[in-house]
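Sequence order for the protein chains is A and H.
FYI, the numbering for the first sequence is -8 to 547, going by my numbering.
FYI, the numbering for the second sequence is -8 to 547, going by my numbering.
Hint data in this document are derived by calculation from the structure and do not stem from the laboratory.
Any given hint could turn out to be false.
The list makes no distinction among identical chains, and a pair is therefore deemed to hold if it is satisfied within one copy or across any two copies.
[Unchecked claim] Straight-line C-alpha distance at most 27 Å; calculated DSS-like pairs for lysine-lysine: (1) Lys363 <-> Lys217; (2) Lys378 <-> Lys363; (3) Lys217 <-> Lys(-1); (4) Lys15 <-> Lys381; (5) Lys112 <-> Lys381; (6) Lys379 <-> Lys363; (7) Lys112 <-> Lys396; (8) Lys375 <-> Lys217; (9) Lys325 <-> Lys447; (10) Lys370 <-> Lys17; (11) Lys370 <-> Lys217; (12) Lys363 <-> Lys340; (13) Lys375 <-> Lys363; (14) Lys396 <-> Lys15.
Computed from a predicted model, the values in this text were never measured in an experiment.
Protein chains: 2
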Amino acid sequence: MTGVKHMKWWGWGVEGVAFNPDNKPKLAPFVLDAVGLDLSSTPTPPISFDDLDVPAPQLPNSLQDDLVEAVGETYVHTDDMDRVVHTYGKSLRDLIRIRANILPRVPDVVVYPSDEDQVRKVVDVARKAGAVLIPFGGGSNISGSLEPRANESRAVISLDMGRMNRVLDIDEDAQLARIQAGTLGPDVEEQLNAQGWTMGHFPDSFTHSTVGGWAATRSSGMQSDKYGDIADIIRGLRVVQPDHTTVIRPLPSTATGPSVREMLIGSEGRLGVITEVTAQVHRLPEHRVIQAYLFADWPSGLAAMREIAASDASPSVTRISDANETGFSFATQKESTGASKYVTEGLMKFLELRGWDLSQLCLSFIGYEGSKTHVSMDKAIVDKIVKKHKGIGIGTGPGQMYDQKKFDTPYIRDFLLDRGAMGDVSETAAPWSRLQEVYDNTVAAARAAYDQIGVKGWVMCHLSHSYHSGACLYFTFAYVADEQQDTIEQYDTVKRAIQQSFIDHGGTLSHHHAVGTEHSPWLEQDISAGGVAMMQGVFDAVDPKASLNPGKIIPE
Amino acid sequence: MTGVKHMKWWGWGVEGVAFNPDNKPKLAPFVLDAVGLDLSSTPTPPISFDDLDVPAPQLPNSLQDDLVEAVGETYVHTDDMDRVVHTYGKSLRDLIRIRANILPRVPDVVVYPSDEDQVRKVVDVARKAGAVLIPFGGGSNISGSLEPRANESRAVISLDMGRMNRVLDIDEDAQLARIQAGTLGPDVEEQLNAQGWTMGHFPDSFTHSTVGGWAATRSSGMQSDKYGDIADIIRGLRVVQPDHTTVIRPLPSTATGPSVREMLIGSEGRLGVITEVTAQVHRLPEHRVIQAYLFADWPSGLAAMREIAASDASPSVTRISDANETGFSFATQKESTGASKYVTEGLMKFLELRGWDLSQLCLSFIGYEGSKTHVSMDKAIVDKIVKKHKGIGIGTGPGQMYDQKKFDTPYIRDFLLDRGAMGDVSETAAPWSRLQEVYDNTVAAARAAYDQIGVKGWVMCHLSHSYHSGACLYFTFAYVADEQQDTIEQYDTVKRAIQQSFIDHGGTLSHHHAVGTEHSPWLEQDISAGGVAMMQGVFDAVDPKASLNPGKIIPE
């Protein structure tokens, strides 16, 4: 036993936990209306593990021996389960493929090093053997950053960082913590919280992603407005590469030419194995509030978010859902009874009397952190802006609910897949001046794609992660697959339309999900051919034989 | 006439403006005591231009013809004055060399393109001719980033960006401005201010540096606590490279792998010619105050700055001078008379009665910006922290003075050189937990270096640019050169001791002055051998023949 826990081989999260439609009376009619799916139909469970065709490992004995020498026999695994778990991340494409028994190439071996010395040995052994090395954190990636190339003829080693899971020390004066790269989100926070600190980094994948994975994919957490993106948070790194162990010392800022720190962040395993980061940490805030607001429509909500970003206020979270996502939120709520039912009904009546079209309602969450005075000052600024844009505050109840449930959303994809429906996400970031354009065109592009493949589809969106000059738009889309067509091709048609719309209207291919293989076709359109050439130059300098997670970021 | 104005060929700033010692009665005794220099001695003016030995241009006729074709005859200069102006930046080493008639290699030609198309033509022409190309902004660089290699056998073209000096447009919703790279600081602000905006970027070199130069050297302005470093401010860039014109679109954040934006920022001409940036701009603040404080000693001042950085307050400036720099500030003040004299004397008496050792006094400036409420909230938080560390507020007078005079400091180096004294600066950044260590050891290292070369020397320091995890320490050092020794060698002994101390105690080789040739010997110690190899990979990918400002950043 390695002591490292993994997610379900076939889906998101912990075995035994699933999306629960019970006691959500509005859900079934909502889903039927949105995508024509009847939730009362009998679900088809995923394929059984025994029915998978797992290719046998192609592992030379000498390589196996060297790996055992490097990390110990207990930590070298070639069994089918461990190899399948390390084959894919958790993108919709991954879930579809594994359910469809599509496993053209799985890693030949999984190793679990205990420390940086063992990582160095594995890197050296892989190099000597001419093998491919793919670093693996929590396995939550949804951009295709983890899979071996289908036609890879070399031996493939998946290097699981799960045993390197400790906060090594906290520098209280500098507010910096040294953390091993394999530490999962909850373990980071538990170890920091015990000493009164937080990293403040809470991506949707938090429960099942690691600090090294965050660094390798340019992750961003839902409180990034206050704590920054991972690229801001991580000040120092240690990275084991074939020729070097590159050490970026923790510095608040520096003028040492092109930023090597910013090359390693986002490198998705192509520049070596990140073994340790030094990250900014903060004292746990005295107060923390998530306030909910309602806006009459999306444009007025967007305008309010923009104005908050330009104001003196510094909230920790700014988030607004479009009308569709707001409708979805209401549909997934538990049945309200008693007083709360009357409050909700009364509120809706009030809004109608105000002249609002309830079908256009947009729900927003703004988070505040700090001293009581700071929180109330920021809230006063935000409230004034909300009022100017005709929004209204509806208290902290919905925000508390959101805060508790925020990590559960990914479970819904497996629930839908059991019922033949595809649900997925695509996100971008763009300047404030172009967000409405990105939004309008992306919604239209998704609908056109649904028409093209002849399905009834759904698309919804929220804005989150505000910056001075723009914000992230996060789209969720869903449809019932047409069984007469190739499932992957249908998915590609929709996904492609959305990604191309991002690029065509001033957005990036991804704000925080990374490039991998899923988004690499848009890389050149995003950063231009010269940018791709520069990136290739770094990859070639570190890894001329393309042995480190090849095929990711830059398309082949 | 090109319409582009340059600094003095022999020194800092505008011809006719110089440091003025008059009406500063405390200055002469202070300087005599600090470095043993008698200010009443007769100064030696710099060498006359006619006495310089300027090498003749080595410019093939075909190259000259092609350059004329590219930018027009008016904008191709081979006269000695223009070539000398474009040979060096304004480091102390540069000033010493030009006064000593040391000009081993000057550019063969200076060209002034009017737009990106002309830059493209110049880059193509240079490539065809196998010539070296060195982009030139305001010429204020003090890290040796501008000079041709002494042994350069190829033709050297200095590409002066001075004609590309306009703010092209302001995106009010996104708070982004497109600005041509050759625009000088005052021109940036004048054009932005006219429409109610500011970039908020005010480096010491502001008057004589350009937005392209800021990008190329990772500049940081004195209000970086609020507005960010230039790497935060610049969201998009256009860069003309041999094979590509790389375009980084303005994005608030993105997850497109290793950051190409962060490779171009800090590239010091080695990755091509930055022609345009898209930068964050802000509405001019309603209120702006710089408040002065006094602390009993450096450690308590440092502790207060650290606590301010960790607090809910978000000041625009945090700055504190050590006792020596505080003494220097007082010595360079105009003679106070009447009421203000009595106020100052009264204050000092009050502090002595409080038990303060006045020789340890540290002067601090904290800047506040925003609405009246925001400013007073932030000030309340800071005042409480200052009080906790036994500091006292002394009003806004000294801050106003500092604000008005902040760009005049570099003039003093020429004043000192006329009198045989060397004055220079070295700056670093380090985590809060190591700043005292960096400080103590750097002061000791400078003093040991003075002893080694047998001179009476002075070193003083301030902290500025606070971040969550650390801050910048900015050292100024001065001594009277021993005429029996090589002036450059003496300087190297002192400079080397200071730089090595930075690295040895957790600091970086430079916080915002860049690498160039001055700091490149410490690059590998700062970012490790692997980091240097990655950087070299980017340089080689863009410029395999090392024609773009060769010899900078990575030592040869």
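Which holds for Lys363 with Lys340 at a C-alpha limit of 27 Å: within a copy, between copies, both or neither? So Lys363 and Lys340 fail the 27 Å test inside a copy (33 Å) and across (39 Å) alike.
Indicate which option fits the pair Lys217, Lys(-1) if close means a Cα-Cα distance not exceeding 27 Å: within, between, both or neither. neither (33 Å within a copy, 45 Å between copies)
When Cα atoms must be at most 27 Å apart, do Lys375 and Lys217 count as within-copy, between-copy, both, or neither? both (20 Å within a copy, 23 Å between copies)
Homo-oligomer pair classification [Lys217, Lys363; C-alpha up to 27 Å]: both (16 Å within a copy, 22 Å between copies)
Status of Lys381 relative to Lys15 across identical chains (alpha carbons, at most 27 Å): neither (30 Å within a copy, 59 Å between copies)
Please work out whether the CA atoms of Lys378 and Lys363 approach to 27 Å or closer within one copy, between two copies, in both situations, or in neither? both (22 Å within a copy, 21 Å between copies)
At 27 Å max between alpha carbons, let me know whether Lys375 reaches Lys363 within a copy, between copies, both or neither. So Lys375 and Lys363 pass the 27 Å test inside a copy (18 Å) and across (16 Å) alike.
What label fits Lys112 with Lys381 when the C-alpha limit is 27 Å: within, between, both, or neither? neither (61 Å within a copy, 54 Å between copies)
Quick one: Lys112 to Lys396, C-alpha cut-off 27 Å, is that within a copy, between copies, both, or neither? For Lys112 and Lys396, the Cα distance exceeds 27 Å both inside one copy (41 Å) and across copies (58 Å).
Can you tell me if Lys370 and Lys217 fall within 27 Å by alpha carbon in one copy, between copies, both or neither? Classified as both: same-chain Cα gap 15 Å, cross-chain 20 Å, threshold 27 Å.
Please sort Lys325 with Lys447 into within, between, both or neither, judging by C-alpha distance up to 27 Å. within (26 Å within a copy, 79 Å between copies)
Could you figure out if Lys379 and Lys363 sit no more than 27 Å apart (CA to CA) within one copy, between two copies, both or neither? Both. Shortest intra-copy (24 Å) and inter-copy (20 Å) distances satisfy the 27 Å Cα cut-off.
Going down the numbered hints, you'll see the structure goes against 3, 4, 5, 7, 10, 12, while the others check out.
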